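There are 2 protein chains.
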Amino acid sequence: MEKLRIGIAGYGNLGRGVELAIRQNDDMELAGIFTRRAPETVKPLTPGAKVYSINDAEAMKDSIDVLIICGGSATDLPKQTPALAKNFNVIDSFDTHARIPEHFANVDKAAKESGHLAFISLGWDPGLFSLNRLYAESILPNGKSYTFWGKGVSQGHSDAIRRVEGVKRGIQYTVPIEAAMDAVRSGSQPELTTREKHKRECFIVPKEGADLAKIENDIKTMKNYFDQYDTTVHFITEEEFEAEHNKMPHGGFVMRSGLTGDGEKTHQMIEYSLKLESNPEFTASVLICYARALGRLYKEGATGCKTAFDIAPAYLSKLSGEELRASML
Amino acid sequence: MEKLRIGIAGYGNLGRGVELAIRQNDDMELAGIFTRRAPETVKPLTPGAKVYSINDAEAMKDSIDVLIICGGSATDLPKQTPALAKNFNVIDSFDTHARIPEHFANVDKAAKESGHLAFISLGWDPGLFSLNRLYAESILPNGKSYTFWGKGVSQGHSDAIRRVEGVKRGIQYTVPIEAAMDAVRSGSQPELTTREKHKRECFIVPKEGADLAKIENDIKTMKNYFDQYDTTVHFITEEEFEAEHNKMPHGGFVMRSGLTGDGEKTHQMIEYSLKLESNPEFTASVLICYARALGRLYKEGATGCKTAFDIAPAYLSKLSGEELRASML
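Protein chains in written order, with our numbering: chain A, 1 to 329; chain B, 1 to 329.
Please keep in mind that the hints were generated in silico from the structure rather than gathered at the bench.
Where hints are given, some of them may not hold.
Beta-carbon label-pair distances, calculated as ranges [what the hints assert, rightly or not]:
{"no.": "1", "chain 1": "B", "residue 1": "296", "chain 2": "A", "residue 2": "296", "range": "38 to 46 angstroms"}
{"no.": "2", "chain 1": "A", "residue 1": "321", "chain 2": "B", "residue 2": "221", "range": "40 to 48 angstroms"}
{"no.": "3", "chain 1": "B", "residue 1": "327", "chain 2": "A", "residue 2": "217", "range": "35 to 43 angstroms"}
{"no.": "4", "chain 1": "A", "residue 1": "155", "chain 2": "B", "residue 2": "327", "range": "22 to 30 angstroms"}
{"no.": "5", "chain 1": "A", "residue 1": "38", "chain 2": "B", "residue 2": "322", "range": "40 to 48 angstroms"}
25 angstroms max Cα-Cα, derived DSS-like pairs, lysine-lysine [to be verified]:
{"no.": "6", "chain 1": "B", "residue 1": "144", "chain 2": "B", "residue 2": "318"}
{"no.": "7", "chain 1": "A", "residue 1": "265", "chain 2": "B", "residue 2": "265"}
{"no.": "8", "chain 1": "B", "residue 1": "318", "chain 2": "A", "residue 2": "151"}
{"no.": "9", "chain 1": "B", "residue 1": "109", "chain 2": "A", "residue 2": "144"}
{"no.": "10", "chain 1": "B", "residue 1": "43", "chain 2": "A", "residue 2": "275"}
{"no.": "11", "chain 1": "A", "residue 1": "43", "chain 2": "B", "residue 2": "265"}
{"no.": "12", "chain 1": "A", "residue 1": "265", "chain 2": "B", "residue 2": "43"}
From the derived model, a few chain A residues whose C-beta atoms are all more than 12 angstroms from chain B [stated by the list, open to error]:
{"no.": "13", "residue": "26"}
{"no.": "14", "residue": "137"}
{"no.": "15", "residue": "180"}
{"no.": "16", "residue": "307"}
{"no.": "17", "residue": "318"}
Fair warning: this is a prediction, and the values are worked out from it, not measured in the lab.
Backbone N, C-alpha and C define an ideal beta-carbon position, used for all residues, glycine too.
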């Protein structure tokens, strides 16, 4: 069997996760890592892996079946994904929910013009959580959906607290509030405020001589990031920070509370949850299994942009339709 | 917009559930109920609903877009689904896992010959649970999957206890064992025996003068049904039975405990669960939303037999691709 040749564009936490996920799938191989840095400064985890400048990517277009773009959603992906779709089949994890329609249109245009296939906004949210919202809302049209995130590290909030005066190092955990989730599970379909759904926990290593009370106040009152939440600020030592807060766990819950039957009085509850020790490694695992689907759909002649909604589940699995029906249905 | 015309073949609990689910979807209408009983003896919940003999179904073939077959898996569906696929697009909830490949082949042949489209084995297990097994195993290839059922009424086990001498009425609940689920959630990937995963609870109304100790022993030692489980038998009054055990709740859990990363040491946990007050009403809701997908795929020219694995999620929703991307991704 010919292996699917995977390229990785961008070699941060997500890129490394993709590299490791390829190892778990023997129908794929790493065909190259593309970076904006000087290629010789990048040290891949895989012995013998080739590293190229992203500027030389075009020359590699016939050696890569699927290019997984591991840039950030704020500024990288809106440019990179449409640009790279001119020469490659691409997958990204674009996660700025409000800008998805615009990103979709740009990528769709580029991919259709070049005859390539692109999957965007894959991972777990958007991605698996989106799928669960769609399945659950289609099955239970009379109902209410809820998404809770955490417990996990929010990169955006961690960046925000590191910009506060007097903060040397900092990390922020988003924590779903158990009482709110239990209220949803009860079937009461509660209206929940932002404060009732999540709380925020910060662990800070202060700079020497910093005003701790001021740091705490600056964080708790920060507009949009923290002012609508109950926030706890813990001051810890650098040693503790390095020992206890060096991981990127995350996860969350998608719930649908619906009503069926005569008079719509029968309560039906669907719940999906993830508990991830590493957010980037899990996201990478999702991207890699959609790469398999992309390879197959492209062979069938598909072009343009697609999302998780458009891809039949069977395309994700290494197993044949026959094997799937016999073993998993 | 033209409504999707749904026919119901078989008017038991599931058929009534389908009838009620149609009311929740304004892009569909009930086009007729087909029964093996004398049609005039069937009283639909919907005013004005037409009831026909199943023997007259063929005459209605141009008035029905999708026929949902609500028979039993043991003897009805293996015959009905291939037979009705000669004249209709059909959906069933065939749930004898071991016989799915054979059923698929029979239905596929009939549907392809007649140019119709058939979806089989829909509902929640097989159905939504199967989908979750497929997604989770594709994403986390190094891992272990677990399915737990309940708490819920098992029809097969309830039938079995009602055949025990001295039993007037009886119902059996399958109960997942919380300690086993917690062991799975811990990431330890335990090997669990049948007894460790589920227990069984029976509520019995004995006949007058029956030997209670013998009933209890006959149940607990019943081969395959109960001997491999810890079983509790409760004797109750007929009043209590009617007040407390007149519902068909069910549900369950699909879990995948997987490992990713360098050395495959990072634990990742995916969990999907259902808590259903009415098993037949929920199953009906799944069937109805797949009827929408069937109508669309048939218009696109699809024929033959398909399962949940083959159907892209977007087909299930009333919303357009654009609306889905803007609201749910």
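Right, here's what the structure says about each hint:
The hinted window of 38 to 46 angstroms between residue 296 (chain B) and residue 296 (chain A) is violated, with their beta carbons roughly 21 angstroms apart. About 42 angstroms separates the C-beta atoms of residue 321 (chain A) and residue 221 (chain B), a value consistent with the hinted range of 40 to 48 angstroms. Evaluation of the 35 to 43 angstroms hint for residue 327 (chain B) and residue 217 (chain A) yields a pass: the beta carbon distance comes to about 37 angstroms. In this structure the hint that residue 155 (chain A) and residue 327 (chain B) lie 22 to 30 angstroms apart at CB holds, the actual value being about 25 angstroms.
A beta carbon spacing of about 42 angstroms between residue 38 (chain A) and residue 322 (chain B) agrees with the range 40 to 48 angstroms that was offered as a hint. With a CA separation close to 35 angstroms, the supplied pair residue 144 (chain B) and residue 318 (chain B) exceeds the 25 angstroms bound. Of the supplied pair hints, the one linking residue 265 (chain A) and residue 265 (chain B) is violated, its CA atoms being roughly 46 angstroms apart against a limit of 25 angstroms. Proposed proximity of residue 318 (chain B) and residue 151 (chain A) is contradicted: the alpha carbons are some 33 angstroms apart, above 25 angstroms.
Annotation: proposed proximity of residue 109 (chain B) to residue 144 (chain A) is violated, straight-line Cα distance about 41 angstroms (limit 25 angstroms). A distance of roughly 48 angstroms separates the Cα atoms of residue 43 (chain B) and residue 275 (chain A); the hinted pair therefore is violated under the 25 angstroms criterion. Distance restraint check for residue 43 (chain A) and residue 265 (chain B): the Cα-Cα separation of roughly 21 angstroms lies within the 25 angstroms cut-off, and the hinted pair is therefore satisfied. Between the alpha carbons of residue 265 (chain A) and residue 43 (chain B) the distance comes to roughly 21 angstroms, so the proposed pair stays at or under 25 angstroms and holds.
The claim that residue 26 (chain A) lies off the interface is violated: its Cβ sits roughly 9 angstroms from the closest Cβ of chain B, which falls inside the 12 angstroms cut-off. At roughly 7 angstroms, the least C-beta separation between residue 137 (chain A) and chain B is not larger than 12 angstroms, which violates its mark as non-interface. With a minimum CB-CB distance of about 17 angstroms to chain B, residue 180 (chain A) clears the 12 angstroms threshold, and the non-interface call stands. A beta-carbon of chain B comes within 12 angstroms of the beta-carbon of residue 307 (chain A); the shortest separation is about 6 angstroms.
Non-interface status of residue 318 (chain A) relative to chain B is broken: a Cβ of that chain comes within 12 angstroms, the nearest being about 8 angstroms off.
The structure does not agree with the numbered hints 1, 6, 7, 8, 9, 10, 13, 14, 16, 17 stated previously, though it agrees with the rest.
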